[in-house]
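2 protein chains.
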Amino acid sequence: MYRSHTCGELRESHSNTLVTLTGWVQKTRDKGFVVWVDLRDRYGITQLVFDEERTSKDLLEKARNLGREFVIQAKGTVIERASKNPNLPTGDIEVLVNELIILNTSKTPPFTIENETDGGEDLRMKYRYLDIRRNQVKDNLIFRSKVAIEVRKYLSEEGFIEVETPYLIKSTPEGARDFVVPSRMNEGQFYALPQSPQTFKQLLMVGGMDKYFQIVKCFRDEDLRADRQPEFTQIDCEMAFVEQEDILNTFEGLTRHLLAEINGVEIDAFPRMTFDEAMRRFGNDKPDIRFGMELGELNEVAQHRHFNVFNSAEFVGGIAVPNGAEYTRKEIDKLIDWVKRPQIGAKGMVYVKCNEDGTFKSSVDKFYDQDDLANWAKVVGAKVGDLICILSGRTDETRAQLSALRMEMAERLGLRKSNEFAPLWVTDFPLLELDEETGRYHAMHHPFTSPKPGQLELLETDPGAVKANAYDLVLNGNEIGGGSIRIHDKDVQATMFRHLGFTPEEAHAQFGFLMDAFQYGAPPHGGIAFGLDRLVAILGGQETIRDFIAFPKNNSGRDVMIDAPSPIDQEQLDELGLKLRT
Amino acid sequence: MYRSHTCGELRESHSNTLVTLTGWVQKTRDKGFVVWVDLRDRYGITQLVFDEERTSKDLLEKARNLGREFVIQAKGTVIERASKNPNLPTGDIEVLVNELIILNTSKTPPFTIENETDGGEDLRMKYRYLDIRRNQVKDNLIFRSKVAIEVRKYLSEEGFIEVETPYLIKSTPEGARDFVVPSRMNEGQFYALPQSPQTFKQLLMVGGMDKYFQIVKCFRDEDLRADRQPEFTQIDCEMAFVEQEDILNTFEGLTRHLLAEINGVEIDAFPRMTFDEAMRRFGNDKPDIRFGMELGELNEVAQHRHFNVFNSAEFVGGIAVPNGAEYTRKEIDKLIDWVKRPQIGAKGMVYVKCNEDGTFKSSVDKFYDQDDLANWAKVVGAKVGDLICILSGRTDETRAQLSALRMEMAERLGLRKSNEFAPLWVTDFPLLELDEETGRYHAMHHPFTSPKPGQLELLETDPGAVKANAYDLVLNGNEIGGGSIRIHDKDVQATMFRHLGFTPEEAHAQFGFLMDAFQYGAPPHGGIAFGLDRLVAILGGQETIRDFIAFPKNNSGRDVMIDAPSPIDQEQLDELGLKLRT
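Residue numbers (my numbering), protein chains in the order written: chain A, 1 to 582; chain U, 1 to 582.
These are computed hints drawn from the structure, not numbers from a lab. The structure presented is a predicted model; accordingly, all values stated were derived computationally and were not measured. Certain hints may be false.
[As the list claims (entries may be wrong)] Example chain A residues on the side facing chain U (calculated, C-beta under 7 Å, incomplete): (1) PHE190; (2) ASP210; (3) ALA550; (4) GLY557.
[Stated by the list, open to error] 16 Å max Cα-Cα, derived EDC-like pairs, lysine to aspartate or glutamate: (5) A:LYS146 / U:GLU158; (6) A:LYS153 / U:ASP489; (7) A:LYS579 / U:GLU187; (8) A:LYS107 / U:ASP489.
Here a beta-carbon is modelled for each residue, glycine too, at the ideal position from N, C-alpha and C.
When you get a sec, could you build the whole thing from the sequences and use the hints?
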């Protein structure tokens, strides 16, 4: 062992102990007669001291010439510091060094290895191994491993078995795009990397494994949006002989355990809300309920005048922004510009200021009187001093716009507090979703999700109205998990495939093994999958996942550190029986 | 919840309790006036009883018609059995059923779901979800998850952090063949699936993460030998600021923990042996030391007569097979045939019987006298009643043949006891291995392995003689782990690449990121990786890994259950910019 202690553990009680430390040179301060070196490792920083009185000339010189990020081994005696640093756990002591070995030198790093770094995103990614030395990234990775430990601990104690499912599986065109892996031994054929272990966990239920989980990498070849990764990690879970209620309780238990163990937050029963209610109250199927600003539907109280914009709209709705009445005309104009950005897509915005004197001032004063505006304020729950923002148009679009506005205002008002945790179950999702481009229905969750009891017949007459035994777990406005009770009856599954536009042949070619399995005694079952990257980020009080992933890819799916993907040899292509198009 | 109890937990103390059980019908026994149903779930089997006296006629009829593997829910009362079954944990009770719900029917399964099944390997793989219902497979999977839990527990308590490294990485021609993944967003470029997270764990050390582990899938596109899988699981570990001794101690600790927790076996310090010694004594770098039969080198005592076969051989060696003197001529001939099989490759075999009366009888009596044979017996440690088997030829080949013979005889003699555990460290492996076909040296472990201190210069003059800071952990004749102290100096690494025949350009193209990283303060580091599949199998007292993997592939790399790999759509190929050769 190169060290006797880490750089995070020495205290005053170690005084006069001979120690050997190793680590990286964070910085040196040279006062001429004395040189201090901050030595850093995973565990902290310890100050080394060299001085004219007690240190040999050669050693002092050697210390003086240490560069940033040199790797050193220092032997010496722990002594009490003259001026202590209360901000550092080791701040009461320093180590008076009598032997210094340079284990490795370092070029000057391309950015400072400090909490506040001068390195931009691209540089940090290219030199990720240096970025990981910074507390933020290092602590996030340690935090992530701690969350994973607690997940495994909780689920194991609940009788779940972690089973590894295969990574080289079969491509299925349904859903997102698969990454594929050409097979050399079976020329012209391909494996696919799993988008999730969905079918395998269902087969494990058929196999009697009754409580399964796995922390597992999944892959989706999608055009990457910000903060999406082509490979991501799921906590994948499935149970047999259960109903929806059992799953909600079990995984509410897991989440409660994590919040308690990781964040020290105790939360009672999680609130629940149907999908329809979430859309109505928040315009969003993953509402952040840490704050109010709920959507009010104004159709009844705003479509009785001669304001055609509202009268012709399917939906008129608003939110009350706390203390927004003091916004200047210019600020409100900027807000109107914001909702008109293509990402939001509103055509305009009507506003009402709820003045301190109880009167209202709106941008549509020529159409509506004070009583009208007072009614609106009542519907959206606006108080004196608030600003009511009103959008109108198609119901789903307008709700989505109001939701975006609500989140934006909450962000600006500091209502999205990272140390506050508000979990929420959203249930009763629609089974199917209409793809407006193709006019075809596809599964909102996936094709194995079961409809609510008694709604199977509705598939024939009003497919869009069928609700599913599907649920999401939402935390602070982010979907952290989603799942469903599955179909376990082969005839129901065949019906589902038919409604999703599969011919029996296509269904058989892609999912024949699952439909076969359902012939041999499939138990009732259901499950859930959590996105670990996002869960960890949110528990860590952040919303971007990238710094909770050791080696993330950029928005083009590239690992800029190792420079992947990259061309491969002709020989490799030949062995795989492949040619490039170009 | 569909059940109140599992099928494994009811005892006499539950008598008169109303319970609800769910599970699969293992079998029904119909005695006319009474019907017994064995109900099975993951936790065990519970007997259900229906009889004319206490059960309604309809219900009795329903029970009578249950098919094998039907999924049912049964409600009833726990009662004491008249004739108890001491072989079953629930054998003291049965459940008198008053309500029976068929949750799903089943076709007759293609093989019996019993400990002793009539299903052949192929059928079991095709219907793996049924195979998993069998105790053997199910228990193996549960056993595997238990081992993984203990691994994580031990390493976490030792301060290791589990860090997930990426699966979509960069192809490197060094070593085995990579599976590659075409990139759609970067046409003509490919990711590779990791053969191991080797470079990433080294980068984590450069990043200061100092104690890393990960239980992780790895991928090798090799022509599959029996009991090899294209995807396999490693316990991958790395430490910084350590020497070989620290790594051996840490992972000896892990292995000792597993043997104690999983197998209840306490083992003191693991023996250690250099590679050279292992080859000399056992002809094998992963010797099974649960039994003797060590190799004796007979050159000195067998090359002084006119027996040209021995005189012209580089190496003459033998082993003493306990109690082999009683073998008949026919049995010995079969043994000679066995060593002459192409898989073993010996040209012939000389034998010496150590008779009960102290005399010797050999197949080369016309060349050697009794004193010669007595000397041989002494060298190989043969006792009265033993059979000495002697092979000759090139040293390495002959040792390998003797090793194979030794293992075969141990197997036949029942010396490889599955409940006995004999771990062994093999150290000081050669750094390089000569590829006889190409005449080129390649890294025996991998190109990042450091030579023993002071041996770097030897690379120039006698590369084959250079020993590495490399070690394997052997358990019962299987390599369960292997690792090394890595190179952390960029110049040494460049020298290694040169000796492995890389031009500087090639080295840079493939490992530039690692060599770059080494410029920024790489600490001394080293690690080890365990093959989890094999480790679990051996701890489980078995040698084949397949039934410790939930969904294994066959020897052609196929998953016969899901029928993968398989052709993909032209559209998918087009999106990837690929064409098939045919």
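key: Holds or violated: LYS153 (chain A) to ASP489 (chain U), with C-alpha atoms at most 16 Å apart   = violated (40 Å)
request  = Hold the hint about GLY557 (chain A) up to the distance rule: shortest CB distance to chain U must be less than 7 Å.
outcome  = OK, holds: GLY557 (chain A) within 7 Å of chain U, min 5 Å.
message = Check the hint pairing LYS579 (chain A) with GLU187 (chain U) against an upper bound of 16 Å on the C-alpha distance.
response = With a Cα-Cα distance of about 12 Å, the restraint between LYS579 (chain A) and GLU187 (chain U) holds, given a limit of 16 Å.
key: ASP210 (chain A) as an interface hint toward chain U, with CB separation required under 7 Å   = holds (5 Å)
query = Is it true that the CA of LYS146 (chain A) sits at most 16 Å from the CA of GLU158 (chain U)?
reply = Satisfied, since the Cα-Cα distance of roughly 14 Å is no more than 16 Å.
task = For the pair supplied as a hint, LYS107 (chain A) and ASP489 (chain U), confirm whether the alpha-carbon distance does not exceed 16 Å.
result = holds (13 Å)
message = Take the shortest C-beta to C-beta distance between ALA550 (chain A) and chain U; is it under 7 Å?
response = ALA550 (chain A) check passes; min Cβ-Cβ to chain U is 5 Å, inside 7 Å.
request  = Please verify that hint: PHE190 (chain A), Cβ, nearest Cβ of chain U, below 7 Å or not.
outcome  = With a minimum Cβ separation of about 5 Å from chain U (threshold 7 Å), the hint on PHE190 (chain A) holds.
Taken one by one, the earlier hints fail for this structure only at number 6.
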